[in-house]
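Peer 1: Chain by chain, the residues:
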Amino acid sequence: GESVGLHLPTLSVQEGDNSIINCAYSNSASDYFIWYKQESGKGPQFIIDIRSNMDKRQGQRVTVLLNKTVKHLSLQIAATQPGDSAVYFCAENSQSGGSQGNLIFGKGTKLSVKP
Amino acid sequence: GAVVSQHPSWVICKSGTSVKIECRSLDFQATTMFWYRQFPKQSLMLMATSNEGSKATYEQGVEKDKFLINHASLTLSTLTVTSAHPEDSSFYICSARKPGVYGYTFGSGTRLTVV
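Listed in order, the protein sequences are those of chains A and B. The first sequence lines up with residues 1 to 115 when you count with our numbering. The second sequence lines up with residues 1 to 115 when you count with our numbering.
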């Protein structure tokens, strides 16, 4: 079946550095992508999203890049802080036809920030 | 924003008993809610889509008679794990999408331990 996967299962960065988390997707029909942050024992928390008609979207300290040619998604976190330590998931959704659809999650990347 | 409340946050039950988990959309109406299951250090796997006033749609491999879903109102969906076994121990998470709000909002999850 179609799936969303990640290149790196773990990422360790120094506090203050920038972090880049990557994700590959395989469903060419997906037109909406979301990055979530999940802390231990909690539900996923929305970070940022992007639609397929865009290739870049910026939020506060975060940027999502979408490369539809190679079906690749990335999350960039600027000036990474200890509070950013968590597992990050990308998720894809096909909203064609107006349906809500459901989210397919990638495997997740654990981000550890060293003080 | 959008708030999804999930209850209980954790539950321990004996093998053979049933457990009900509630998912509520607090500030919006949700005709569709989603139930996920997450094992330790793994990603979220969609179990079923809960539809208000109609039968839930289950993903392949998910036993509908074991995981009973009821979506009786526009703000409440319940997941009942029937005749629970230790292998059902997992983190169960629900989500819904509020129209006009980015992304899908997730509940805080329910940690189920079957002993």
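Honestly, I wouldn't trust all of these hints.
[To be verified] Short, incomplete list of chain B residues facing chain A, as computed with Cβ under 8 Å: (1) PHE34; (2) THR49; (3) GLY53; (4) PHE67; (5) THR105.
Please keep in mind that the hints were generated in silico from the structure rather than gathered at the bench. Positions of the beta carbon are idealized from the N, C-alpha and C atoms, including for glycine.
Peer 1: Now tell me if each hint is right for this structure.
Peer 2: Hints and how they fare:
Taking 8 Å as the C-beta contact cut-off toward chain A, the hint placing PHE34/B at the interface holds, the least distance being around 6 Å. With 8 Å as the threshold, the beta carbon of THR49/B comes within range of chain A, its nearest partner Cβ sitting at about 6 Å, so the hint holds. Here the hint on GLY53/B is broken, as its CB sits about 15 Å from the closest CB of chain A, past 8 Å. The beta carbon of PHE67/B is not positioned within 8 Å of any beta carbon in chain A (closest approach about 16 Å), and the interface hint is therefore violated.
For the restraint placing THR105/B at the interface with chain A, the shortest Cβ-Cβ distance is roughly 7 Å, inside the 8 Å limit, so the hint holds.
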